[in-house]
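Q: Please construct the entire structure, taking both the sequences and the accompanying hints into account.
In order, the protein sequence lines correspond to chains A and B.
Mapping to my numbering: the first sequence position 13 is 13, numbers consecutive.
Mapping to my numbering: the second sequence position 41 is 41, numbers consecutive.
What the hints contain is simulated information worked out from the structure, not anything from laboratory work.
Some hints here could point you the wrong way.
[Unchecked claim] In silico lysine-lysine, BS3-like type, Cα no more than 25 Å apart, as pairs: (1) B:K75 to A:K3; (2) A:K235 to A:K136; (3) A:K235 to B:K75; (4) A:K12 to A:K64; (5) A:K202 to A:K166; (6) A:K136 to A:K64.
Take a look at the letters that make up each chain.
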Amino acid sequence: MEKIQWQIARVKAIVQETPHVKTFTLHLPQWIPHLPGQHYDLRLTAEDGYQAERSYSIASPPEKTGEIDLTVELIEDGEVSSYLHEGIEPGDPLEVRGPIGGYFVWKDNMANEPLLLIAGGSGVVPLMAMLRHRAKIGAANPTTLLFSVRTADDAIYRDELEQLAKQDSQFELILTFTRKAPPGWTGYQRRVDQAMLTDVLKRFASHPNGFVCGPTLLVEQVANTLSDLGLPSTKIRTERFGPTGT
Amino acid sequence: MITDTDTIDRALRLDGNAVAGELQMLLNLDVTILQMTCSHCHKEGIFANLLAYVRGPGLVLRCPTCDGLILQLVKSPSGSILTVEGLAADIKSTIIP
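A: Have a look at this one:
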């Protein structure tokens with residue numbers, strides 16, 4: 001394991017992904033190759049010394065060397081996300097440390113096993129790193145992403161995900177809209193529930209590696225339901241994002 | 001804030017992944033992949049699955065099965081106080097593959 005330390009990253013680019021979500025590309029003086037699913041901590045320091053830290057998942061694959069993409073949702077009253085969304089511009093410095101966490105990661109030795117990804121809202125970010133890396137290494141394992149979003153406007157990376165599904169017959173994207181579906185939508189229009197997870201699990205010939213990321217309550221409910229449906233707990237990895245909502 | 005939940009504590013809880021950076025700086029160890037046993041209920045689990053409460057003056061980790069206290073970390077200008085009574089007796093060095 002590489003020793004991590006705080007370092008000053010430089011903001012290289014900012015992309016508005018959805019009305020409430022931006023991706024920050026950070027150039028790192030000390031870049032360490034990460035595993036898809038890992039995160040960085042980000043620390044802000046006020047003039048009076050007050051500090052606030054938050055963890056943000058890496059969205060970019062390790063093939064993007066020297067820099068990382070952090071995709072950040074603007075949280076109402078969120079002191080760190082508000083500053084990032086409203087106060088940061090390309091060229092600005094940001095203090096970060098990472099990559100962190102070796103549990104919620106998709107490893108190359110899983111590339112021949114089926115993969116089930118379930119995301120609520122910005123929980124899709126670490127799963128996107130997995131999908132981007134999977135595409136880069138040319139893995140052909142059956143893979144499904146079940147992505148729960150409030151409305152079409154909230155579906156982060158939707159164009160890229162749909163493109164990926166179009167190009168790769170082994171990757172399936174399933175969206176569910178919890179608040180408002182787009183006109184003409186014939187797919188799921190509710191929160192992730194047991195019937196939906198039963199349908200999704202049926203697509204796999206053998207137990208998939210499951211990664212669940214999103215708001216705490218969604219993650220706990222989905223993990224419990226997957227377990228009830230017979231997916232061994234050793235096959236279910238979870239990461240809670242706290243109260244970001246879906 | 002969206003809290004379709006019964007208590008603020010429940011809505012705000014995170015997991016062991018969220019405190020991994022802090023503990024890695026302190027211990028030079030990726031704690032998320034540790035297999036451990038709760039000293040209260042003796043249930044085995046992975047560190048990343050512990051419940052984390054991070055909005056107070058310190059960090060608190062609890063067992064997801066029995067809610068027993070596993071770890072507390074309080075940082076002050078003069079140093080850090082780390083209490084690991086919930087796992088110290090039974091901690092294993094097993095790293096999951």
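Q: Any of the earlier hints contradicted here, and which numbers?
A: 3
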